[in-house]
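Enquirer: So the sequence shown is residues 74 to 422, counted in my numbering.
A portion of the hints provided could be inaccurate.
[As the list claims (entries may be wrong)] List of simulated lysine-lysine pairs, DSS-like, C-alpha gap at most 25 angstroms:
no.: 1; residue 1: Lys-353; residue 2: Lys-408
no.: 2; residue 1: Lys-255; residue 2: Lys-243
no.: 3; residue 1: Lys-243; residue 2: Lys-348
The set of hints was computed from the structure by calculation and includes no laboratory data.
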Amino acid sequence: MPEKQVCKLSGHKHLNLALQGGGAHGAFTWGVLDRLLEEDSLSIDGITATSAGAMNAALAVYGIAKGGAANGVSEAKKAMDMFWRKVSAAAVLSPLQPTIFDKMMGNTDMSMSPSFMAMDYLTRMFSPYQLNYFDLNPLEDVLKEVIDFDILQQSNKRLFINATNVLSGKIKVFEVHEIDAKVLMASACLPFIFKTVEIDGQPYWDGGYSGNPALFPLIYSCNSTDVLIVQINAVNIDHVPTTANDIMNRVNEISFNSNLMREVRAISFVSKLLKKGKVKEDEYKDIRLHLIEADEIMAGLGHASKFNADWDFLVHLKEIGRQSAEDWVKKNAAKVGCESSVDIKDYFL
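Model the full structure from these sequences, guided by the hints.
Expert: Printed below as a string of structure tokens:
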């Protein structure tokens, strides 16, 4: 059992990160990491991540490993910036782009874009085995261009990438020494758009179906008992959706949050048992949870905007992420190692 973390209001602190997936909305997490890496008082012990969160996590860990103690932060920032720039550049040739009218109206959602509506219709009628016979996906090429996976796999950071086994429905957690471009593609494989990713004879889909992200790897394998969740998919909204697009968007949010919320409930339950002395502290960990989110903004973006790789939109999300992280650091960083900084019952339960 790891030593219990001592509560101190200042000084160097250790925490783990849990990064959600969400397509282009992952640029929000890019901004969060960009700011957190600048905080000398915080040390990241482990990261669990899914889909776009997995991309960001791998980029950050790779940069830290490449740059070492002297240049790790700058290399991590450089890797994330390069990745998102290349993603946006590759998407220029995609029909899934906001129209000139969308840009004029400040509409990032694209749900009414003719190209998005055509894609939505086609993916309901045909599978990627028919629409994308040659399994073309520029994202894999971008990952191979930006990340030297030999360096990443030698990192001493605890990195856990989540994917869903198609046959069993169970979550598969890949550790840092196993991670390559194929693993990251598996974690982000939306089966309506991309062919199943096969690794060691097993088929995988997006990790969000089974854990977005899974928290248990951090609990089982990391010394720090503080977990900072970077939330992309809105948990709370302020109205009942009534349009077909809004309903689909909310279904997507609920589906990709459900496993995370169940794990948080289990963490809360164990915490209550520990406080009441019902279980022993040397057998269970009292996990402290923290949260960086922008629900009000993210809920208003719409599901279709997760396919929007327009550079201005990505930078906008990055800036929101940086500011959200800045606000969290000022208000809650001192609580790491001492107490949860999010009202678990109010937000998750």
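Enquirer: Work down the list of hints and note, for each, if the structure agrees.
Expert: Tested hints:
| no. | hint | result |
| --- | --- | --- |
| 1 | Lys-353 <-> Lys-408 | 24 angstroms, holds |
| 2 | Lys-255 <-> Lys-243 | 18 angstroms, holds |
| 3 | Lys-243 <-> Lys-348 | 32 angstroms, violated |
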